[in-house]
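Asks: Each residue of the sequence shown is one higher than the one before, counting from 147 in this note's numbering.
Since the hints were derived computationally from the structure, they do not count as laboratory data.
Among the hints, erroneous ones may be present.
List time: in silico SDA-like cross-link candidates among lysine to any residue, alpha-carbon distance up to 25 Å [what the hints assert, rightly or not]: (1) Lys358 to Ser268; (2) Lys197 to Arg324; (3) Lys297 to Arg371; (4) Lys356 to Gly295; (5) Lys297 to Lys358; (6) Lys330 to Glu269; (7) Lys203 to Pro226.
No experiment lies behind these values; they were computed from the predicted model shown.
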Amino acid sequence: MYGGGRSREHGEEAGRDDRERNDYMQAEPSGGRSSRDLDALLRRLDGAGYKAYHDLKGSWSFDDVFTLTFDHIQSDSYAPPSRCHVRVAQSAAKFPAGLFDKEARRIGLCDFLARSFCAVVSEQGLNQAAASQGWSGPKGGDLQMECPGQKVLERTNVLISPDFVEARFTVALPAAGRSILGGKARSILIEALPRVIQRTLVYNAHDPAKVKQHVDCVEDTETLRGKLQEAGLV
Numbered sequence: 147m148y149g150g151g152r153s154r155e156h157g158e159e160a161g162r163d164d165r166e167r168n169d170y171m172q173a174e175p176s177g178g179r180s181s182r183d184l185d186a187l188l189r190r191l192d193g194a195g196y197k198a199y200h201d202l203k204g205s206w207s208f209d210d211v212f213t214l215t216f217d218h219i220q221s222d223s224y225a226p227p228s229r230c231h232v233r234v235a236q237s238a239a240k241f242p243a244g245l246f247d248k249e250a251r252r253i254g255l256c257d258f259l260a261r262s263f264c265a266v267v268s269e270q271g272l273n274q275a276a277a278s279q280g281w282s283g284p285k286g287g288d289l290q291m292e293c294p295g296q297k298v299l300e301r302t303n304v305l306i307s308p309d310f311v312e313a314r315f316t317v318a319l320p321a322a323g324r325s326i327l328g329g330k331a332r333s334i335l336i337e338a339l340p341r342v343i344q345r346t347l348v349y350n351a352h353d354p355a356k357v358k359q360h361v362d363c364v365e366d367t368e369t370l371r372g373k374l375q376e377a378g379l380v
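Based on the provided sequences and hints, a complete structural model is requested.
Replies: What follows is the structure, encoded as structure tokens:
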């Protein structure tokens, strides 16, 4: 769900299973909570016990540009990281429909956006966890997406539809021992994450020629593969 993929080079059937597709197309839950509410909550939680992070569960709207949803909150700082996703409405993202109107083009665009997301996260050092300083020292604080390898795969770390763009990732919510580091969490979720979104999930942030070239290349490769299969050459 947060970055798995399947190779298209061995004739595997494309697409998601019904449950994944239904989850993908569901409307984002609306709880009326804003990024300002999230900011205030993280300030209040600073120094509280780690389980108080569960108050983050659900969705938060960032100025009607995107919605951040916490799908699963980790139980403590040693547990697998919390799972999150963001959705940007196409009214803000503005990706031309021609970039994802066919399956191969959709896969190509999602691959491009996932690579961009990972590159910006790495560039800003957001994928680096706090250095270990013993049990009571800072832990976590890293934001991760399963980044694409050399092959272009059908993935679920980035999804796109006529209505929205969605990116799925994990955040190791930061703590010192079992105490919440609210300031560090704010720097990730309130300050850094919106910058990543604006640089990766909005069409105007990219060079249109580079986006089109990547999508066209994936589509051309898939077309060629189909012709080779028809000719019995693969």
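Asks: Decide, hint by hint, whether the structure agrees.
Replies: Hint check:
no.	hint	in the structure
1	Lys358 to Ser268	holds (24 Å)
2	Lys197 to Arg324	holds (9 Å)
3	Lys297 to Arg371	holds (14 Å)
4	Lys356 to Gly295	holds (18 Å)
5	Lys297 to Lys358	holds (18 Å)
6	Lys330 to Glu269	holds (18 Å)
7	Lys203 to Pro226	holds (16 Å)
Hint compliance for this structure: every hint is met.
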